[in-house]
Every structure is written in structure tokens, then in C-alpha cells.
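A.B. asks: Assemble the complex: chain A is given as a structure, and chain B must be docked to it using the hints.
Protein chains: 2
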Amino acid sequence: MQNTITTHDLDALVEARNFNGWREETRNWSAGDLADLLEPLSVEKEAILFRLLPREQAAAVFSYLSDERQDGLLKAMANEEVANILNAMSPDDRTSFLEELPAKVIQQMLSLLSPQERLVASQLLGYEEDSVGRLMTPDFVRVRSQFTIAQALDHIRRYGFDSETMSMVYVIDETGRLVDDLRIRQILLASPETYISDLMDSRFASLKAADNREVAVEAFKESDLNALAVTDKEGFLIGIVTVDDILDVVEEEATEDIQKIGGSEALDEPYMKISFPKMIRKRASWLVILFLSEMLTATAMGRFESEIAKAVVLSIFVPLVISSGGNSGSQASTLIIRAMALGEVHLRDWWRVMHRELLSGLSLGSILGSIGFLRIMIWSWLFHSYGEHAFLLALTVAITLIGIVLWGTLAGSMLPLLLRRLGVDPATSSAPFVATLVDVSGLTIYFTVAGLILRGTLL
Amino acid sequence: MQNTITTHDLDALVEARNFNGWREETRNWSAGDLADLLEPLSVEKEAILFRLLPREQAAAVFSYLSDERQDGLLKAMANEEVANILNAMSPDDRTSFLEELPAKVIQQMLSLLSPQERLVASQLLGYEEDSVGRLMTPDFVRVRSQFTIAQALDHIRRYGFDSETMSMVYVIDETGRLVDDLRIRQILLASPETYISDLMDSRFASLKAADNREVAVEAFKESDLNALAVTDKEGFLIGIVTVDDILDVVEEEATEDIQKIGGSEALDEPYMKISFPKMIRKRASWLVILFLSEMLTATAMGRFESEIAKAVVLSIFVPLVISSGGNSGSQASTLIIRAMALGEVHLRDWWRVMHRELLSGLSLGSILGSIGFLRIMIWSWLFHSYGEHAFLLALTVAITLIGIVLWGTLAGSMLPLLLRRLGVDPATSSAPFVATLVDVSGLTIYFTVAGLILRGTLL
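In order, the protein sequence lines correspond to chains A and B.
Every number in this note's numbering is 115 more than the matching position in the first sequence, counting from 1.
Every number in this note's numbering is 115 more than the matching position in the second sequence, counting from 1.
Looking at chain A on its own, in the form it has when it is part of the complex (with noise of 0.2 Å):
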């Protein structure tokens, strides 16, 4: 079957990028036969028919090639036409396509590339935007088990010069699968006869490649280190993450987290920095939903247009009543985002979450309602305003608060749970949103509630 693949069908395979036919036409072919078929190619060909070999597969090929063409393939990858093209393909055919790399390949590529290179490169490794894959590093400390102290020290001078940090150094086995990692300090405490393995307790913190980085951020919240080991699916040691990388990755989320939760996109960009159009694009499409969905409260204010005309005393009120609720539904919103975002609440405590916030909704609802219903009856002492059903009318801008901020505190602080279970950011539900949401419902609370109190007297 192999003859009746020629270079010229490979080429325009690419070209057509139908890379599906590949994958099943070079299944049993032997490492040697497709090292050979691929020689011809260009090598930004080439490096794209080998990033979507199979595992296996390409780990064979690769240690077919002589160390230059290896180099040359490598180099290849960090090329943006060629990333251009893997990252074209559909996000299934990526995770069906791009498998991980042998460690053995990503640890040589990545050390060969410059830090530019390696951003590029990121993505045609088929690391995601948001992984651990996207922040390491391949520069760090690596000795055997079987060293002594002194030799580790040595190997240290001798090959750590481009390591990004020495707080830890990591033991591997011979196959370069993570077997320990050790802080400096325990090498460093060690008097120079010791050997490394009598150090090691085969207890180590490390990350996956393809974890997301806010995993990223709560291991190294708990485990106090500077540098973290990442490995590839089966514990092979490629890379390490450090501590500084993660300050940057803590501020970056906080940002995006509040650009949510303040109504807009997250702009990806300093405000001094990113350009207006894209700045107006990011901005207009939230306030966009946002006016669409608040429409809801044209219908809603339309339905009663009978009552308004009746009383218009009571369209006095509105912007206050739904304020209100508008206001305690970001404020419990955002606790419940926060603290999510932190880990401290998570979707198994949705049943506490809302027992307290039922409580605080009772509570900051009979404050407000009090000082509504005050607010109405001193005005109504003062200056006669509002006529002589002022006191029906405080009564029913106080229980309408009630319930407008009891419904505002609930809905706040379920709905990001709620989208949370949907596999969905819950800074999303931004707290203007569910302002959107409590200001609509809360115009029907507020007018149902007038109907039953005022019923007969000023309706």
C-alpha cells in the first residue's frame, strides 16, 4: 500500500487540508517508510503531516530523522503559517487530531525554540489558551536518584545555567518520567556524601500540560513552591512553571472576572493599549444583551399602563423599587462569583448558599422597606405629597422592597451556580446582568403587589 502515496498526493493533501485521509491511509506503515515519504516535502509540509501522526507513531518517526532534519522539523512548528493551518481545523478535529507529543520531542522543541518560538509553538502543541501547556518552561534542574550530593551540586554548575529557577530540583527516572522533586534547600542542607535518593520521599507536587492554569494557581496556593514539575499524560517531565508566571496568571483572572462582573467582554488588553474599534466591540455587545433583555421592562411598564394612569403617583417609585433589587442582586452575585472564583463555595454547598441568602434577602429587604415606608409617611407629614392614601402607599413600596430584594439576593446568588453546572463562567452572569433580570420580574412584583394593596382606593 505504500507506493500508491506519492509526494505530489501529500502536497496536495495540505493544500486541500484534508488531513483525515492521512491518519488512515499511514496507520501500519513502518517509522522508516514515512520518514522517507516525508523527506521531499517542504518542511512546513512536513512539520504538519507529523504534528497529526498518532502518539506512538510520530515518537517512532522522529527517532528515525538524523538530529538536523529532527532540528529542522522542530524549528518548523514554531512557524505561524504552519500553526495557522493546525489551528484552522475544528475544535474536534483538534482534539481528535492533536494528540500530545512524546515528551522526548516537546522537551527538545521547546528547548530549542526561543521564548517567541515557544508561543507559537504552544498552540500547535495543542495546548488550550488557558493551560498549563502555555506557561512552562523546559528550562530546570534535573538530576538522578543515584547522585550525591556533591555530584548534584556539580551537575548543577555544570548544566544549570539556563534554568529558569533553582528553588527546586527534580529527580527522574531513566525513561525522564518525574519520579521526586526536592527544594534546593534540602540539596543544600545535605552534607556532600549524601546521595539524592536518601532525600527523596516520592511525594511530589506536579501539573499536567493540558490542566487549566486556575488548576495551576490552587496548587501553588497550596503548595507554597516556586516551581512546579509539568508532565505529560503519562508523567514524562517537560517543563516547570514558576511562581512569577502565576502571580501574572492570579492578576490576569482577576481582571477578566471583574471586566465580566462590570458588564462588558474581558478586553485581553490594557486599557491604554487596545484599539478603540475593538475596545467599542468588546464593550457594545454586553451593553447590547443587556438593552435587549431590559426592553422586557417597556412590555412590562406597558401592561400597566392602565394602573400608571390611574395612579401615577406610583411610577414615582419605580426607579427606586427596582433599583433596589437590582442593587442587593450584583451585590449577592458578586459575593457568590467571588468566592467561587476562590474556591470557597462550589456547587455541592448551593443548598447553604441559598438558606443564607434567603435569610439576607429578609433582612436587607425589611431594612430598606423600613426606610422606604419612613421616607413616604415623613414626606407625606412634610409636604402632603402623595395624597391621602400615603399610608397604602408606603405599605406597598415596603413589602414590594421586601420582595424585590429577597428575589434579587436569591436570584444574584443562585444564578452563578446555575451557570456554573451549565459548564458556563459564572462571571458571565455579570452582575448588571442579573440587574437586567431583578429590574423585569421586579416591575410585576412591585405592580401586583400595588393591585392587592390598593385595590378600591387608588386603583
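Careful: at least some of the hints might be erroneous.
Pairs involving identical chains hold if they fit within one copy or between any two copies, as the list cannot separate such chains.
What the hints assert, rightly or not - The list that follows gives simulated cross-link-like pairs (lysine-lysine, BS3-like), each with its CA atoms no further than 27 Å apart:
no.: 1; residue 1: K336; residue 2: K323
no.: 2; residue 1: K219; residue 2: K190
no.: 3; residue 1: K388; residue 2: K336
Rather than coming from a laboratory, the hints here were simulated on the basis of the structure.
C.D. replies: Here is chain B on its own, set in the frame of chain A:
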């Protein structure tokens, strides 16, 4: 003059919290006389009076004491009661009284105390709640410039056991002043017979204990180090801050900002752990302030009662119109608050921000205005809602939206800058506060525009 004060007098002085007299009266005393005078007092009272001595005098008295009395005195500093007495002083008094203790005393004190005791003592050292002094630990590795690398490694092996980190080694001169910081990698990569002084470049990053912790975050982001030295105001090394503590600070600061933006006081405790009454207090305070401000909407609506009575249809769009102003205002304020917290926007940029937000407000307002215009025209065409003057009504809403979104955006972006200028935390201008401000003024814009366009038709 010495013999005019007795131990009995001092006892009364502390009981009466009359510390002003103490500094006045002992200004010219010798260290020996002062030490003798303090000796018969209880160790708590001795600690208080010692702490209130001017810096130079405290150093002199301290070195006069026996080792045992030194330890007793320092231990007493971690006594809650002592801390409470000194904390009860007014902030002004604190600032003038609690001069920074001599570096030697601070170091010895911090090394003597457990982490829990250190927390108590740090209040007493006069370091403000959000200062670097509260974050520092006294356990670090220090070397002298005349050491060889081999000697330094030996020194680390012998004395480094308690050190919080070994990523950094600090070089001090014979007086204890910080003269350089070295990464452990520099030491590990150097050959053993090199001198520390050969590695030194006398360029080092350090923090002052009185610095705000936000300064520390910036310094860590700039330096990419895992630990930074902390000195007293004269440059004597007294501790270090490690990056894992900074990670917590970054998260805490973000949490505070997020909670404030959400319209609540910062909880300062995890959501699930804070006591219910405390949480309600923190949440109610802002909700009440917002409610009271929002009451102005009732006043504003009251002023336009006759317009509403004439054209009830106007009231239908009140929630839509004012919430658009609110949303755009909280969006703008959130973006600016975060950009300031990240150091992307400074006070001096106000003009550029205003220019950007002016354009943003116009663009966003025009987008929402067009949608609003179409909504009213389409409904009027489909359902004959809004009567014969639908076009004028649509025009009113559209123009109002442009004005209100522009105003919301400008107010939302300028208020945080104004607050920073006034020395207030910009996050306190939490988004709902801007929304409330814009609600009230938005009503005026709406009814003014309506008056101009609908005069003679609906009004």
C-alpha cells in the same frame, strides 16, 4: 531630674494612658538610668514604655539590658494586652509615637516569636495593616562579601535551616545594612573558590517595612524574584517577603475590589465563614447608602409628575432609559478602576481617558439609541402601540439614550480618577454607586429631552 520620677509614677502613667508626658520627661535621661527605672515594673508596662521611647534612645536602652531582660521585653511585645493598649492610641499619636524600632531589636524580636505572636507584634511595631512589615518573615540567609562561595555554602548548610526560602542570599555589611542580593543560582553556578564580592553588583531590589503591600506586588512583578529583602527606613535588613505571600495579597486585593465593585463593603473573610450579622452589616451599609441616593429618583420623578400624567407612555421607557445609563456607567467605572489597580492608568492620564470615554460614550450611545429607535418604530408599526406620535417618542428615546450613555460613560470613568485624586480607594466608587448617580441625572435628561421634542404634541 531623674529622681523626680518613681516606679509608682510610671504605673499611674500607663494606667492613665498619658504617654505624652513620658517622652517629654525622659528625653535627656541616660540609657542606664532609664533601664534601672523600668526594671521594677511589670514586663507588660515595661514593654509599653520601652516601645514609646524615641528610636535612638530605645536602641541605647535595649543594648544596656541583660540578654534575659531583652528576651522578656521582646516576648511581652507579642502580648495581646500590650498590643491593645498601643492600638487604642489615635492614629495621629501612633504615627508620632511609634517610631520604627532599631533594626537589631526588630530582628531579634521577630526571630524570638512564633508566627502567631509575630502577627500580634507587627501591630505593635507600628506597621500599618496593609504594610510590607506585616508580611515579612525574619528567616533568611545572609552572608558577608568576604566569604568564598565554599564558605557561603557551608554557612548556609549550618545556619540556613530555618530560612523561609533559599532562592535568595542577602549580603550585609558589618553594621547589618543590606548591600546586595544574590540569586542562589549565582552562587550555585560560581566555582567554590570565588568570593561573594566577585558576584556582587551592588544593584538590588528591596522594600521598606512601612511600604504599602501594593508597592510590594509591583516590585515582585517587575523583579521576577521569589523573595525581596525588607529594610527599615535606614536600609538595615530586617526581613524578607516571599512571593507566595504576595500571591495571597494579589488575590485578597482583587477580592476587595470585586466586592466593592459589586456594591458591598469588602467582607475580609470567606463567604461561608463570616458570621451572619457581620455579613449583613457589611452588605447593608452600602445598600442603604445606595437606597438613600436612589431616593432622589423619586424626587426627580415627582418633579415630572404632571408630564407623566399627560403622557403615561413616557413612564414606560423610564426603566429602559435609566438602566442603560447605569450599565454604561458601571462598565466604564469598572474598566477604569481595574486599569488603575493594575497601574495601566494613572491620574495624569485623565485627559486621555476622558477623550477615549467621550468617543466611547458617543459610539455606545448611538448604538443603543438606534436599537431603541427601531424598537419603538417597529412596535408602533406592528401593534400600533404608542399612538400617533410614535416617531417623536422614538426620537425622544433615541436622543435620550445617546445623552444618557455618554453621561454615564463619562461620569463612570471620571469618578474613580476623582476619588483617587481625593485619596479615596477608587473601588469605593463601586459600579452601583455610579449607576445610582446616573439614574438620578438620567431622569432629568429624559424628561428635558421629552419636553423639547414633545411640547405641543404629547406634552
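A.B. asks: So, for every hint listed, does it hold in this structure?
C.D. replies: Here is how each hint holds up against the structure:
1. K336 - K323: both (17 Å within a copy, 25 Å between copies)
2. K219 - K190: within (15 Å within a copy, 56 Å between copies)
3. K388 - K336: Answer is between: at 19 Å across copies they meet the 27 Å cutoff, but 31 Å inside does not.
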